[in-house]
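Trainee: Let the sequences and hints guide you as you build the complete structure.
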Amino acid sequence: MAIEEARNLHVSDDHHHDGHDDHHHEPETFLTKYIFSQDHKMIAKQFLFTGMFWAIVGALLSVLFRMQLGWPDTSFPFLETILGKWAEGGKLSADFYYALITMHGTILVFFVLTAGLSGTFSNLLIPYQLGARDMASGFINMLSYWFFFASGLVMFGSLFVHTGPASGGWTAYPPINGVRDLAVNQGSGLGLDLWILSMALFIVSVLLGGLNYVATILNLRTKGMTMWRMPLTIWAFLFTAVLGILSFPALLAAVVLMQFDRLFGTSFYLSDLVIGGKLIDHHGGSPILYQHLFWFLGHPEVYIIILPAMGLVSEVMSVHSRKPIFGYRAMVISIMAITVLAFLVWAHHMFLSGMNPFAGSIFVLFTLIIAVPSAVKVFNWITTLWRGNLRLHNPAMLFSIGFVSLFISGGLTGIFLGNSAIDIPLHDTYFVVAHFHIVMGVAAFFGLFAGVYHWFPKMFGRHLNDTLGQIHFYGTLIGAYAIFFPMHFMTGIPRRYARFDNFEFANNFADLNKFISIAAIVVFILQLMFCVNIIYSVFRGRKMKSLNPYDATTLEWTTPIEHFHGNWAGEIPTVHRWPYDMSVNGREFIPQDEPLSEGEVAH
Amino acid sequence: MATLLGIIIVICILLVVFYVARTVELTKEIKGELEDTSKSSNVQGYLMLSFLVFFFIGIAWSSYYFLPRMLPAPASLHGVEIQKLFNITLLFTGIVFIFTHIFLFWFAFKYREQKGRKAYFFSHSNMLELIWTAIPAVVMMILVAKGMITWLNIFPSTKDMAKDKLVIEVTAQQFKWNLRYPGVDGNFGERKIDQEHIGIASKEEWWKNEFGINWEDPASHDDFFSDTLYLVKNKPTLCKLGALDVLHSFYLPHFSVKMDCVPGVPTTFYFTPTQTTLEKRQELSKIPEWQKINEATGSPRFATFNYELACAELCGKSHYAMQKYVMVVEQAEYDKWVKSHVPAYEAVKKAKEEAGGAKSETKEKGAESTSAEMKDIKLSSGFAMNVSSTGVENKLVSFIEDKTKMVDKTTWFSFDRLLFETGKSTLKPESEVQLKNIVEIMKAFPNVEIKLGGYTDNVGDVAKNVKLSADRANNVMAELVKMGVAASRIKAEGFGPEFPVASNDTEEGRTQNRRIDVRVTKK
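Going down the list, the sequences are from chains A and B. No gaps in the numbering here: position 56 of the first sequence is 55 in numbering that gives the first Met the number 0, and each next residue is one more. No gaps in the numbering here: position 42 of the second sequence is 41 in numbering that gives the first Met the number 0, and each next residue is one more.
These are calculated hints, taken from the structure and not from any lab test. These figures come from a predicted structure and were not determined experimentally. Heads up, a few of these hints could be off.
Said to hold, decoys possible - Subject to a maximum C-alpha distance of 30 Å in a straight line, what follows is the list of computed DSS-like cross-link-like pairs (lysine-lysine): (1) K84/A to K402/B; (2) K408/B to K377/B; (3) K435/B to K377/B; (4) K234/B to K158/B; (5) K338/B to K377/B; (6) K175/B to K84/A; (7) K349/B to K277/A; (8) K450/B to K394/B; (9) K351/B to K277/A; (10) K84/A to K490/B; (11) K277/A to K402/B; (12) K38/B to K542/A; (13) K191/B to K277/A; (14) K323/B to K277/A; (15) K117/B to K544/A; (16) K423/B to K466/B; (17) K408/B to K427/B; (18) K27/B to K44/A; (19) K84/A to K408/B; (20) K542/A to K117/B; (21) K544/A to K27/B; (22) K374/B to K442/B; (23) K285/B to K513/A; (24) K32/A to K44/A; (25) K521/B to K442/B.
Unchecked claim - One side of the interface only, derived from the structure: several residues of chain B facing chain A at Cβ under 10 Å: (26) L89; (27) H100; (28) S248; (29) P252; (30) P265; (31) F304; (32) C314.
Every residue gets a Cβ at the ideal spot worked out from N, C-alpha and C, and that includes glycine.
Mentor: Structure (structure tokens):
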């Protein structure tokens, strides 16, 4: 029915060719315009700002635990002031340390890089770039945001629970999380109950959003916008949504079954547990089952994070190189291949979980195959730069290039980890921390930044400060490498250790840990500067003067600067060509809605 | 205050940066450079190139600096194979890393925006794309093939394992490792995971234990537990892994061994150590990094090198402290070591005899847990004592040595061999052995401070009981001071009938409640 509604919107165009005011179909109040908005652009902004809030919270948590790792014996009295019993004497308690890393992971992976990244740009760009007036269902889209908001409220609340937030790792493996016993783990009480509730709400949000994105992309493309004429951003969002729809339900099942174990005495994941010297009454379950369910989401999740970043980077890089993206079809096929393979590699997180080693070897095969489409994408990006006219002054372009560098650095270490034999010494060590932070943490953030710098004028009608953006770029690139590159040398040092001095073999990197912590704090401050840039520029930034400041070809740049529900004042545009006609036929660029000239063959 | 100052300084710096950036932007707008962005792009092009150079120098320097600080070469057969595979992968990925980065940043520099430059419309090339799909595919297949062979060799089927292998049963729990050796017969006593076998041993249920070891199985009678993981050089070793409570991961960093310990799912790791601890020390003594003096011990780092066992799976708040030492020795030394161990069954046997033989439904209520084994405790001073594993000496030493245990106000241990004259605070002479042990412990751990608590049963006047308990605690303290412990390290307090440890309704319970406890207040 929602699609029907949106269709009607399109049909109405045929009747109002002159219509300059037909977009004002109902009076807007503050509440419907800014809070319970059904306009995709406003929802995108809501996702952006909520994501920003969570990014600051998540990063702040990492600053706290980096202080513990960098200066394990120093007392920081202000920590006791703000954290109370969790930092008695100015030192983080071990319980709270593990709560911090757990919440850091959960917040960054789900709230920032899933909702904040995909939520912002899928909402902003899908209707814009397809030439649609809005999502298939504005109402469901609004619900998607508010479920995310509610999920965030619950998670935020859990930070203040007396027994602390969840502290058994963002993966929430049982039995440490599967037994609701504070003696086993402080965070596995109310903190984890709230974590599970929050995740459930979050999954509802992802599913509502994802179904809407897919429905919109498949049904609401404007006339002439064939699938093969969609910008790569849309391809990326489409497959991101497909991944989310197919994998998030597995996580919901996993955590709900775990809650059954915790509350109702079932034994999905528990067996043969001896706690406090007594055999507890759960038999026949398997903790490994949970890991299968979790990683059936968990692995696609990393592509849910990185695919939108790839799409954004492809688009930004092409526009600012003044060239088509190299190998458009290969890029799309790579995205498809990654999507399919994403579902076949989950157990490479579990080589040493007690799973049958033979099964492990099959997952090695699929895991390393993923390197092929990834490599194709990298080579295509580099070739896109070749003989371009690169507008490097724009921070969006800088961040796209930085993204490629990070994706290479982090991706290559995945070839080590994906090979089960090499994974034996590397698993659960700092090598892994370095790998995934570079490839799906920092790289995804670079995609996000590229997107924000590029589409900020479209969102707010004003430009960000480029100079601050350039400082932000170099500071973050150097800082991020300073944090994560040296971690490769901490191969063999277990991750998730609150301190290292109980082991001779692990206690050799005290200086490095200090260095990393300092770098982390500097990078954190730089991100605050970026947030200030955003907030300042929303109100006081340089005004956008032309509709299409980058000479881009895609449809979002044909909409007026002023936002209103419906996007185009008159008719929606008709598309005649692919989105990458740049530096062709002696023209700087040819917009997608420009008809083919005589004798011109569509690309 | 310093923090506040720091925050203010950071904010000031940010403000300055912010205003400079705003001014730069405004100047550009006035000069009209916003229309012509090539000047700015030019600067960025050079910065991109500088980053590349800076990045490569940084990588080269950090490799030079950190490589000698990394873990030493693996000391196991399969570890060497893994190392080879790692190096091959490093070679391939290293080449890709260097070349892609050179191209990426070189292009960024070379094709930076310039006035009058026209971008070249180059939308695809089937040939190029085919080449760079095929090459990675071939390389990946090589790595997959090599990887699979290495991997499957590390996990042979049981029939392919050596007949003459060392089998060790490792059971992890929060937050320690239990290492069970099969004893002289080479067989483990069976474990039964049921309510009948698992539990805390008591006088009437003497056979119970956390692991569910069935003491009726004769194979269990020579099994023993060890505090150090002993391995034999060049002897294939099968570690049977399990966990009692949550996931742990059995991690031997120096041997490339890692495998989860999963409650309810048995796992194994099969490997062969190739260097004894002494040989490894010798090897390391040739490396400059290991010749450095360790400030904590005053000797070169290689001299105190030890293999270690760690937990690699997040298992709770003391995850980072699940440490054990690993010793690799020659077979002869191992055999000697095995013989020096008292089987765990010895202590159980004693309890069994006290309980009057076979598993029985003796309804007798009373003292907890006498199924203790006798244990040799050797202090760093060289003083050795043979005491019960449930006695105060063992509890105290374990608590002090266990880095995961924090000093708190609730961890009290009861003296088990202090005797007083009835109704008086005078110690009987039999008490001297235990007091002597405590003195030795206090000498061996000079940082430790303790508090003594005196307690009574609830019979009689409370005030009198409090006084009696205080007198007794003070007497014990005086005795310890007399035997050479500084008075500043001990405190004593009488609590009277407060904090009973057993019911005051039975004579046994009351006996247990009349006691002296000790708590570590500093370590």
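Trainee: The structure should be examined with respect to each hint, and the outcome stated for every one.
Mentor: Against the structure, the hints:
At roughly 21 Å between alpha-carbon atoms, K84/A and K402/B fall within 30 Å of each other, so this suggested pair holds. A distance of roughly 27 Å separates the Cα atoms of K408/B and K377/B; the hinted pair therefore holds under the 30 Å criterion. Annotation: proposed proximity of K435/B to K377/B holds, straight-line Cα distance about 14 Å (limit 30 Å). Restraint check: the Cα-Cα separation between K234/B and K158/B comes to about 17 Å, which is no more than 30 Å; the hinted pair holds.
Using a Cα cut-off of 30 Å, the hinted pair K338/B and K377/B holds, with the two alpha carbons roughly 18 Å apart. With a C-alpha separation of about 26 Å, the suggested pair K175/B and K84/A falls inside the 30 Å cut-off, and the hint holds. Note on K349/B and K277/A: the hinted pairing holds, with a Cα-Cα distance of about 23 Å set against a maximum of 30 Å. Using a Cα cut-off of 30 Å, the hinted pair K450/B and K394/B holds, with the two alpha carbons roughly 15 Å apart.
Annotation: proposed proximity of K351/B to K277/A holds, straight-line Cα distance about 21 Å (limit 30 Å). Between K84/A and K490/B the alpha-carbon distance is near 27 Å, which keeps this suggested pair within the 30 Å criterion. For the given pair, K277/A sits about 25 Å from K402/B by alpha-carbon distance, which is consistent with the 30 Å threshold. Note on K38/B and K542/A: the hinted pairing holds, with a Cα-Cα distance of about 22 Å set against a maximum of 30 Å.
Distance restraint check for K191/B and K277/A: the Cα-Cα separation of roughly 13 Å lies within the 30 Å cut-off, and the hinted pair is therefore satisfied. Between the alpha carbons of K323/B and K277/A the distance comes to roughly 25 Å, so the proposed pair stays at or under 30 Å and holds. Taking the CA atoms of K117/B and K544/A, the gap is near 25 Å; set against the 30 Å cutoff, the hint holds. For the hint pairing K423/B with K466/B, the CA-to-CA distance comes to about 11 Å; that is within 30 Å, so the pair holds.
The suggested pairing of K408/B with K427/B holds, with an alpha-carbon distance near 29 Å, which does not exceed 30 Å. Taking the CA atoms of K27/B and K44/A, the gap is about 29 Å. The hint holds against a cut of 30 Å. The straight-line distance between the Cα atoms of K84/A and K408/B is roughly 16 Å, inside the 30 Å bound, and the hint therefore holds. With a C-alpha separation of about 28 Å, the suggested pairing of K542/A with K117/B holds against the 30 Å cut-off.
The straight-line distance between the Cα atoms of K544/A and K27/B is roughly 16 Å, inside the 30 Å bound, and the hint therefore holds. Distance hint between K374/B and K442/B is fulfilled; the C-alpha atoms sit about 20 Å from each other, no more than 30 Å. Of the pairs offered as hints, the one joining K285/B and K513/A holds, with about 29 Å between alpha carbons and a cut-off of 30 Å not exceeded. At roughly 12 Å between alpha-carbon atoms, K32/A and K44/A fall within 30 Å of each other, so this suggested pair holds.
Simply put, K521/B and K442/B have alpha-carbon atoms about 14 Å apart, close enough for the 30 Å limit, and the pair holds. Satisfaction of the interface hint for L89/B is found here, the shortest Cβ-Cβ separation to chain A being roughly 8 Å, below the 10 Å cut-off. Checking H100/B against chain A by beta carbon gives a least distance of about 6 Å; that is within 10 Å, so the hint holds. Taken as an interface hint, S248/B checks out: its beta carbon lies about 6 Å from the nearest beta carbon of chain A, inside 10 Å.
A cut of 10 Å between beta carbons decides the hint on P252/B: the least distance to chain A is about 5 Å, and the hint holds. Because the smallest distance between the Cβ of P265/B and any Cβ of chain A comes to about 8 Å, under 10 Å, the interface hint for this residue holds. Taking 10 Å as the C-beta contact cut-off toward chain A, the hint placing F304/B at the interface holds, the least distance being around 7 Å. Contact between C314/B and chain A, as hinted, is supported at the beta carbon level, the nearest pair being about 6 Å apart and thus within 10 Å.
Violated hints for the displayed structure: none, as all numbered hints are satisfied.
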